[in-house]
Amino acid sequence: MAERYDPATIEPKWQAIWEETRLYRRDDASDKPKWYFLTMLPYPSGDLHTGHWYAMAPSDAAARYKRMQGYNVWFPIGFDAFGLPAENAAIKHGVHPHRWTMENITRMRRQLRQMGTMFDWEHEAITCLPGYYQWTQWFFRKFYDMGLAYREKAPVDWCPNCNTSLAREQVWGEDRHCERCGTPVEIRNLEQWKFRITRYADELLEGLDRIDWPEPVKIMQRNWIGRSEGVEFAMTIQGRPDLSFRVFTTRPDTTFGMSFVVLAPEHPLVAAITTPEQRAAVEAYVAEAARKSELVRQAEAGEKSGVFTGAYAINPVNGQAVPIWIADYVLMGYGTGAIMGVPAHDKRDFAFARQYGLPTPIVIVPEAVYKAGDPRAWDEEAARNLTAAYTAKEGGVMVNSGPFDGLAWPASFEATADWLAEHADGARKINYRLRDWLISRQRMWGAPIPIIYCPDCGTVPVPYADLPVLLPEDAEFRPTGESPLKFHEGFRYVKCPRCGGDAERETDTMDTFLCSSWYQYAYLSPYWKEGQPLSPDDTPWDPAVGRIWLPVDQYTGGIEHATMHLLYTRFFTKAMRDAGLVDFDEPMLRLFNQGMILGEDGEKMSKSRGNVVNPDDYVAQYGADTVRAFLMFIGPWEEGGPWNPRAIEGVRRFLNRVWSLVVDPPEAAATGSPDPQAVTALRRATHRTIAKVTEDYEHFKFNTMIAALMAFSNTLAQVKTTPVYGTAAWDEAITTLLLLLAPATPHITEELWARLGKPYSIHTQSWPQADPELLQVEMVELPVQVNGKVRDRITVAADADESTIQEAALTNPQVQKWLNGRTVRRVIIVPRRLVNIVTD
RNA sequence: GGGGCGGUGGCGAAACGGCAGACGCAGCGGACUUAAAAUCCGUCGUGCUGAGUAGCACAUGUGGGUUCGAAUCCCACCCGCCCUACCA
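Count the first sequence with the working numbering and you get residues 26 to 865, in order.
Hints are computed from structural coordinates only; laboratory data are not their basis. Every residue gets a Cβ at the ideal spot worked out from N, C-alpha and C, and that includes glycine. Misleading hints may appear alongside valid ones.
[Unchecked claim] Derived EDC-like pairs: lysine to aspartate or glutamate, alpha-carbon spacing no greater than 20 angstroms straight-line:
#1 K745 to E28
#2 K511 to D499
#3 K117 to E28
#4 K726 to D578
#5 K783 to D756
#6 K554 to E147
#7 K454 to E302
#8 K219 to D603
#9 K178 to E529
#10 K842 to E832
#11 K814 to D865
#12 K554 to D567
#13 K511 to E216
#14 K38 to D145
#15 K454 to E254
[Said to hold, decoys possible] What follows is a set of in silico ranges between Cβ atoms, one per label pair, in the way DEER data are often shown:
#16 R29 to M621: 33 to 39 angstroms
#17 T275 to P209: 33 to 39 angstroms
#18 K59 to E664: 26 to 32 angstroms
#19 M621 to R857: 38 to 44 angstroms
#20 N248 to R682: 47 to 53 angstroms
#21 D31 to V637: 24 to 30 angstroms
Working from the sequences, and respecting the hints, build out all of it.
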């Protein structure tokens, strides 16, 4: 009786051996080319869930593949350990966030080891430990010195009952109430620290062209940065030549279509220009807008409201007076806080004009209409429909625009921009949608912002040598959720580092996105210089190690981080370059985004839906290798997909078959000597599989990689019943199968490798090479189409010339039947692909 | 409102512009078994013709287009999921 495949025995055994032999340790002395393979670090929420497996198991396979390809691969791991859930747990269970977090990490480490990954645990980094966050604070200090950190008032969602600010995910429902107590949130303007990411806006755009990242991520980052080129020009108030304001537009070619002007409610000119009759209405609107502030206004997006000020402005291009309104769809924080309203050619302006009965003059029409000579046929009714031809820059020409009539984009932009520059104090201007990064959090479980406020010296940064500013271990959590740092006297009240007088520490902590913006550097030498005084001339990692491994060669993670984490870490690296810390300016050269693993019902896994799949249960039942291979087999990695509890059986059968191929004796001893053709056929199958699997690993196509190996194992099961079993070709096939499968299912392949008597470890073996000669085929079968429909197939030599192929195709009896009585017009021959005969 | 991704058998999915459905799940038929599990063999898009070998037609969300040839490229539309929120 042959021994059965028992993952519960072999998996822990090999995990222990790998660890004892330090199989996956980082090698800083290797002369192989280095490959820094990074996967997004997990948040220690408690248990490793299926999403973690889906992100990490295929990443691990890709890293192992690269290693077998001859690279010196480093695949580190860590934990993004600051954040809100730990604070909530602290309030709920009365346990310090540090303890809660570290206990979770202990549990998740064990689960991660169960997965059989090649993570280098010797360089693990945890962001909430002082040796880590001293450097997060060092970066803040450095950026402060570089003029990249500054403080200003910014709106936050505030719960008046809990007396704290809330993160976006803590604000629930249409009425925007507090997650914890249900109180509707307010907007408070608080002094907050920000990073000047906008200084790098252009560079963040340009850098995208030089990195091998998925196009969707690049598109999202470009849109997020939102560079727009336009023109700013001055408008004067009718009857008040002393007063003027500036507007920004990306469409100066539509200036003749202006029928109103809108100022943001906070615009400084509002009070000065409002007429007495309108004053009450305007003041009420301004007050209401101030109360709502920007965050709520964004939540109400879509509904237009506004008030007429009673004043008029002069359109510089035609001298027309247009009414000045205020409306909260115009934001003081973008452009000049004032816009020209051109309802015929802007959707938002159009909605506003409809609402308040303002005219909609048309100044761009399709070229065909212009050429037909009667643009005025396009009346307001046509504008109401706002056809694509109307709003499009391309394909439209200017009308009702005096000397500019007939101009098309981009000449229309150039001409009107020049005119405005000369006559309306205009200037070309580039605006960005990107805002500076607000990093202040009114929370306890984060890296404290190293700033001290002194009544005499003002804002004083904590000296480098005094870092880290440690979180207190005896913090007292209030049920309301208020930050304990505010009430911790020992933390809060300090001496000014400059004058020695009484001062107060900043009690806000930093956004956890800061911690994860530089973790790929922290991994190099975790907790570097812990316990030693820091200085501005430091590097936050061992520079000798950095020279070996930086930058990251391959990064993997979810696309949901496209515009936050992935932009922040790029910003960090550019700022670090300017600080002289690195000599490159993009942190990750290649990126691959996996999709999301869904519940059995095809919906996102969530406790409320009750569709959460616990990977531990499946690991216990099937083993880690089966779960790993199943997650890879489920579908294209970048697309994600639903978990199918029955389909995993197929993967288990596959691994059982692999086991049986190696371990079990053949059922019936085949007699006779092996057929040389069958031997060659097996060798061809082996080498075709090498080529296919290699290609798939290169492109992260794990699903077809597994499929190819399933097909190969099916072939081997057939061959095993023939005399080819036991030949050198058979041995080659079996070792190849194990080598190709090793990155995906590391335990079973290691076990079978050992049982074959091969030297430890399969994971240090070289990747098999496909023999090009065995990939060649002598004969090929070509489908023959008549008018695009396959009618028969012919077999010809692979290198047959076109006339031979044509001859064979035309004389084929089936084809003859279909050609009956028709004239052959054309014969299309695609070598090694097909033949298509086109008739009348 | 803006952006991203997707829509192919009963299901998950394959398919450099070139034989649609590889590989697997489920199903169906069979072998082994007292029986079941496991395993193995066969079958498996729909419709029509045919006793049958087989053959034909139709099929990749919908409608157009480009092409000798389209799941694949282009245009319009419908549906689903994810991210984002008035950026002039």
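Which numbered hints fail: Per hint list: 3 and 7 violated.
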